[in-house]
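Let chain A serve as the given structure and place chains B and C on it in line with the hints.
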Amino acid sequence: MIKKAFTKEHFVKYVLVAFALSSLLFLFLIFIFILAEGLPLFQKVGLKNIIFGFKWAPTKGLFGIFPMIVSSFLVTFGALIIGAPLGLSCAIYLSEYSGKRLKLFLKPALELLAGIPSVVYGFLGVIYIVPLVRNYFGGAGFSLLATSVILGVMILPTVISISFDSLMSVPKTYREGSFAMGATKWQTIYKVIIPSARSGILASFILGMGRAIGETMAVIMVAGNALRIPTSILDPLRTLTSNIALELAYATGDHRLSLFSTGVVLLVIIMTLNYIANFAIKRRVLK
Amino acid sequence: MRINPRIVDQLVKIGLNAQAFFTVAILVAIVAIIFFKGSPYLNMEFIFSSPVDMGRHGGIFSTIVGTIFLVLLSIFVATPLGVGTAIFLTEYTKESWFTKTIRFGVESLAGIPSILYGLFGFIFFVIKLGMGWSLMAGVLTITIMILPTIIRTSEEAIKAVPRNLRIVSYSLSATKWETVTKVVLPSAGPGILTGIMLSVGRAVGETAAVIFTMGSSLRLPTSLMDSGRTMAVHFYILAREGISMEKAYATALVLVLSILLINIIAYYIMNRVTSKYS
Amino acid sequence: MDIKIRTEELRLSFGKAEILKGINIDVYKNRITGFMGPAGSGKSTLISIINRMIDFEDNVEITGKVFIDGEDILGGNIDDVQLRRRVGTVFAVPIPLPRSIYDNIAYGPRLKSRNERKRLWDLVVESLKKAFLWDEVKDRLGSSALKLSGGQQQRLCLARTLALEPEIILLDEPCSGLDPISTAKIEEALNELKKEYTIILVSNNTKQIARITDYAAFFYMGTLIEYGPTEKLFTNPSEKKTEDYIQGKFG
Numbered sequence: 000m001i002k003k004a005f006t007k008e009h010f011v012k013y014v015l016v017a018f019a020l021s022s023l024l025f026l027f028l029i030f031i032f033i034l035a036e037g038l039p040l041f042q043k044v045g046l047k048n049i050i051f052g053f054k055w056a057p058t059k060g061l062f063g064i065f066p067m068i069v070s071s072f073l074v075t076f077g078a079l080i081i082g083a084p085l086g087l088s089c090a091i092y093l094s095e096y097s098g099k100r101l102k103l104f105l106k107p108a109l110e111l112l113a114g115i116p117s118v119v120y121g122f123l124g125v126i127y128i129v130p131l132v133r134n135y136f137g138g139a140g141f142s143l144l145a146t147s148v149i150l151g152v153m154i155l156p157t158v159i160s161i162s163f164d165s166l167m168s169v170p171k172t173y174r175e176g177s178f179a180m181g182a183t184k185w186q187t188i189y190k191v192i193i194p195s196a197r198s199g200i201l202a203s204f205i206l207g208m209g210r211a212i213g214e215t216m217a218v219i220m221v222a223g224n225a226l227r228i229p230t231s232i233l234d235p236l237r238t239l240t241s242n243i244a245l246e247l248a249y250a251t252g253d254h255r256l257s258l259f260s261t262g263v264v265l266l267v268i269i270m271t272l273n274y275i276a277n278f279a280i281k282r283r284v285l286k
Numbered sequence: 000m001r002i003n004p005r006i007v008d009q010l011v012k013i014g015l016n017a018q019a020f021f022t023v024a025i026l027v028a029i030v031a032i033i034f035f036k037g038s039p040y041l042n043m044e045f046i047f048s049s050p051v052d053m054g055r056h057g058g059i060f061s062t063i064v065g066t067i068f069l070v071l072l073s074i075f076v077a078t079p080l081g082v083g084t085a086i087f088l089t090e091y092t093k094e095s096w097f098t099k100t101i102r103f104g105v106e107s108l109a110g111i112p113s114i115l116y117g118l119f120g121f122i123f124f125v126i127k128l129g130m131g132w133s134l135m136a137g138v139l140t141i142t143i144m145i146l147p148t149i150i151r152t153s154e155e156a157i158k159a160v161p162r163n164l165r166i167v168s169y170s171l172s173a174t175k176w177e178t179v180t181k182v183v184l185p186s187a188g189p190g191i192l193t194g195i196m197l198s199v200g201r202a203v204g205e206t207a208a209v210i211f212t213m214g215s216s217l218r219l220p221t222s223l224m225d226s227g228r229t230m231a232v233h234f235y236i237l238a239r240e241g242i243s244m245e246k247a248y249a250t251a252l253v254l255v256l257s258i259l260l261i262n263i264i265a266y267y268i269m270n271r272v273t274s275k276y277s
Numbered sequence: 000m001d002i003k004i005r006t007e008e009l010r011l012s013f014g015k016a017e018i019l020k021g022i023n024i025d026v027y028k029n030r031i032t033g034f035m036g037p038a039g040s041g042k043s044t045l046i047s048i049i050n051r052m053i054d055f056e057d058n059v060e061i062t063g064k065v066f067i068d069g070e071d072i073l074g075g076n077i078d079d080v081q082l083r084r085r086v087g088t089v090f091a092v093p094i095p096l097p098r099s100i101y102d103n104i105a106y107g108p109r110l111k112s113r114n115e116r117k118r119l120w121d122l123v124v125e126s127l128k129k130a131f132l133w134d135e136v137k138d139r140l141g142s143s144a145l146k147l148s149g150g151q152q153q154r155l156c157l158a159r160t161l162a163l164e165p166e167i168i169l170l171d172e173p174c175s176g177l178d179p180i181s182t183a184k185i186e187e188a189l190n191e192l193k194k195e196y197t198i199i200l201v202s203n204n205t206k207q208i209a210r211i212t213d214y215a216a217f218f219y220m221g222t223l224i225e226y227g228p229t230e231k232l233f234t235n236p237s238e239k240k241t242e243d244y245i246q247g248k249f250g
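Protein chains in written order, with numbering that gives the first Met the number 0: chain A, 0 to 286; chain B, 0 to 277; chain C, 0 to 250.
Chain A extracted, bound-state conformation (with noise of 0.2 angstroms):
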């Protein structure tokens, strides 16, 4: 109906229309290059001999992974348990049972925490962490408990700030309501505020797990690099992260595509849980 001449608004926005497919462009480039160097190996050696094998000895031409992406579940698993709990707790004192003054210290606070670099926590993990399991538990210290316990903390924030909101967000009327029908506090929390808030809450939880499963720095430093399937939370293990981590400097040739290999297999787990997140974060809340 109305036509404009092409004008300095057209160029403007052919511009940001540029900047915008910049995002897809740079998704698409690191696909590619992962993809790139990761994907061949498997084809050489053989997907089942590297995602199924149990010895990694990339110099004799041994790629098997199995042990590090146990691992790597085990420790998000692990992290999980201590941060989630401890997280949800957290949230919901801090909106349920605390006041204005405290709610506007948390944000800030939980921000600091946020952070503090992964390197810090590794650091005072080695120091204080991994000779307490040490003395108290057993083992060389440097172990999947050790290891559970720091990504614990690490991930407190985003359950706590996430699942804050989701609590937050609960209308002030449910919570009348419960109360008007003679239930205590923890009684509403529990069967009206939670499942109330449970899509937020349960994406806390998986945002908390990806962070774990693509820790590095931290997991470097108190897992211990040990090579097979950990037995006990006292063992020593290696995560798919580390793997790449620890040997990227210095490797050549084979060994360094296995090593995207290794990139390859963590960023297809990350995408399917980013997925999973998204699904059904997204199906709970049109429900």
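Think of the hints as simulated: they come from the structure by calculation, not from any bench. It cannot be assumed that every hint is accurate.
Distance condition first, Cα-Cα at most 20 angstroms in a straight line; then the derived DMTMM-like pairs of lysine to aspartate or glutamate [as the list claims (entries may be wrong)]: (1) B/Lys181 to C/Asp102; (2) C/Lys111 to A/Glu8; (3) C/Lys206 to C/Glu187; (4) A/Lys12 to C/Glu8; (5) B/Lys12 to A/Glu8.
Remember, predicted model here, so these are calculated numbers, not experimental data.
Chains B and C in isolation, oriented as in the chain A frame:
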């Protein structure tokens, strides 16, 4: 036998209280340990002299410079890209398959862990594009890494600007771009700046993505192609190689103080400018 | 009397809903014309076509013509940005920009051209005087416009449009939230302004229409029911509906 719900209520309250307290204690402990163990070794000399003997002696000056260069340049590139994308998504299109695809791209980028950014940066910038371990490779990698954060927070800030401000601007004969630059962006400024500060904080603490792209040379980087070391990388090497506990604590302290400072600035911006305009 | 704005079979649909059903109206130059009618009658929509703010809505279909000084503003070669310099709008809710009083008024002119400082200053002063706001703010032009009272803010909005030196001023329920004194001030300003500008006042307040307009148009459900000199409409309306509306039987 049913326990009296009132008793359960009280127990729960105590339990939650305890856990919250415990969590706060952890945070306080972390900051306190770093502070008390690090401050004895933190002095002017530490900040302004460069590492000597692999960091066993001397300070962290070259790493501070490396960090500042890396972060500033990354912000310099990522901000126009990120804010521009946010402006495009909110002001220049309606929701469509196109915008959904772009958002998907942004969300996906956000979910990629830093080690994979390191891997990508290494193969693409360092090797394939031949930059070697360099400031440039580091900057480009970190830029992509912080882009999603800037896009997200900018979009939120822009969306929060009331619609009728735009209407007024248009009715006074402004074009879309004029409205964006003169009305929307100034109002969204604080929110956008907060997102930038958040990204700065993340970049300062980043290790895995930096060590494989920018490298870990102890020399002061003087050009884009120079390798260099950031504080976080330096700290990691000190800690892992067991070079010096004292220097490690002191470096950690500088790192944590930087993050604290960045957060404080972000809050200051957010609060001060918001009150001025409302 | 010259015709400033003329519409010809103007229709507008929002998706499936027909908002304007064939409007034909002549708005005269240098007069205050009132558009009245209950909510949903289409009067605000009609305004948004004249100032081409309708461009910012999606899913809209418009047929017909709108002539300003003989030129169809819905035609192909009209620049909507230029048009909005000729057609100024004051909205129902005063919306000051979050900046100083001076910068609010100067916003429009600065977009127009690189004004020399002296000329811009004169323009701002003159606009504030015409909007009957100058005396109240002359000592604090640098202070935030958000600190003004509702009535002052609305006069600020009026001054803002005047600063663009338009030919037409559209006001959409400008006094809806204001106290009687502020309302009176704005009405006083409009009475003066009509000597220089063509003014359209949209209002659901029939008493206000009766007070200050020269011509009145009564809209109902997207149709122009009656249009003529205000006095005639109010003393001897031709349509029953008009009479009912004026008497407050509905609306």
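Consistency of the hints with the structure:
At most 20 angstroms may separate the alpha-carbon atoms for a hinted pair to count; B/Lys181 and C/Asp102 meet this at roughly 11 angstroms. Of the pairs offered as hints, the one joining C/Lys111 and A/Glu8 holds, with about 16 angstroms between alpha carbons and a cut-off of 20 angstroms not exceeded. Taking the CA atoms of C/Lys206 and C/Glu187, the gap is about 15 angstroms. The hint holds against a cut of 20 angstroms. Annotation: proposed proximity of A/Lys12 to C/Glu8 is violated, straight-line Cα distance about 35 angstroms (limit 20 angstroms).
Between B/Lys12 and A/Glu8 the CA atoms are separated by roughly 59 angstroms; this puts the pair beyond 20 angstroms, and the hint is violated.
Checked against the numbered hints listed earlier, the structure breaks hints 4 and 5; every other hint is satisfied.
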